[in-house]
Amino acid sequence: DAMVIQNPRYQVTQFGKPVTLSCSQTLNHNVMYWYQQKSSQAPKLLFHYYDKDFNNEADTPDNFQSRRPNTSFCFLDIRSPGLGDAAMYLCATSRDIGDRRGNEQFFGPGTRLTVL
Amino acid sequence: QKEVEQNSGPLSVPEGAIASLNCTYSDRVSQSFFWYRQYSGKSPELIMSIYSNGDKEDGRFTAQLNKASQYVSLLIRDSQPSDSATYLCAVIDFGNEKLTFGTGTRLTIIP
Chain A
11 DAMVIQNPRY
21 QVTQFGKPVT
31 LSCSQTLNHN
41 VMYWYQQKSS
51 QAPKLLFHYY
61 DKDFNNEADT
71 PDNFQSRRPN
81 TSFCFLDIRS
91 PGLGDAAMYL
101 CATSRDIGDR
111 RGNEQFFGPG
121 TRLTVL
Chain B
102 QKEVEQNSGP
112 LSVPEGAIAS
122 LNCTYSDRVS
132 QSFFWYRQYS
142 GKSPELIMSI
152 YSNGDKEDGR
162 FTAQLNKASQ
172 YVSLLIRDSQ
182 PSDSATYLCA
192 VIDFGNEKLT
202 FGTGTRLTII
212 P
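Residue numbers (my numbering), protein chains in the order written: chain A, 11 to 126; chain B, 102 to 212.
Bear in mind the hints are in silico, worked out from the structure with no lab data behind them.
Since this is a predicted model, take the numbers as computed values, not measurements.
Note that CB positions come from ideal geometry on N, CA and C, so glycine has one too.
Where hints are given, some of them may not hold.
Stated by the list, open to error - Listed below are several chain A residues computed to face chain B (Cβ distance under 10 Å; list not exhaustive):
id, residue
1, Val14
2, Ser50
3, Glu114
4, Gln115
5, Phe117
Stated by the list, open to error - Dumping the calculated DSBU-like pairs for lysine-lysine here, alpha-carbon to alpha-carbon at most 35 Å:
id, chain 1, residue 1, chain 2, residue 2
6, A, Lys48, B, Lys168
7, A, Lys27, A, Lys54
8, A, Lys48, B, Lys157
9, B, Lys199, A, Lys27
10, B, Lys168, B, Lys143
Let's have the full structure, built from the sequences with the hints guiding it.
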């Protein structure tokens, strides 16, 4: 089945120790997104890629970086995690933008990040 | 700044009854509207998309859109305990890739 896969599902890191979260998709979608979701809050968009075109949200901290080496994979790097970065990190994909059916976003299972 | 408003709940509905979830949005250029279901500790799951005024039905779910009133709703018929979750309303502008989410309504179906 076509899907969005995230690894690992749970990640524990120490304060200040870099961590990388990965996302892959078999949907062949052009657009990939990274969201951060904290408890009882709505998902917050960090970045998105339209193909290889990177778009950073204005309020995304510099501590967060992203890479998309090919259509199928996207990575979220947190350079120096702080306690406030503990959250669920969600990867999502959509087929396209500017297309009513194509802009449906499908989420992966998420990675729960704990910072000690 | 686009805003999407939902009643946070919790909304409690007896099993077998109709659950009605409501959402209002502030931006008149919003074009696409989505309902996501999110179980505790899990990721959001897309359950309905609606783009035109009126009703859209899919199984036990009906989405209703009224662009003039800037209002979108989700009805769940024959509610089941497995419907207990947080329901997120989200909107997107045509040509804009950004989803704006409401904070969600927590729904509990009482057996």
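Hints not upheld, ascending by number: none
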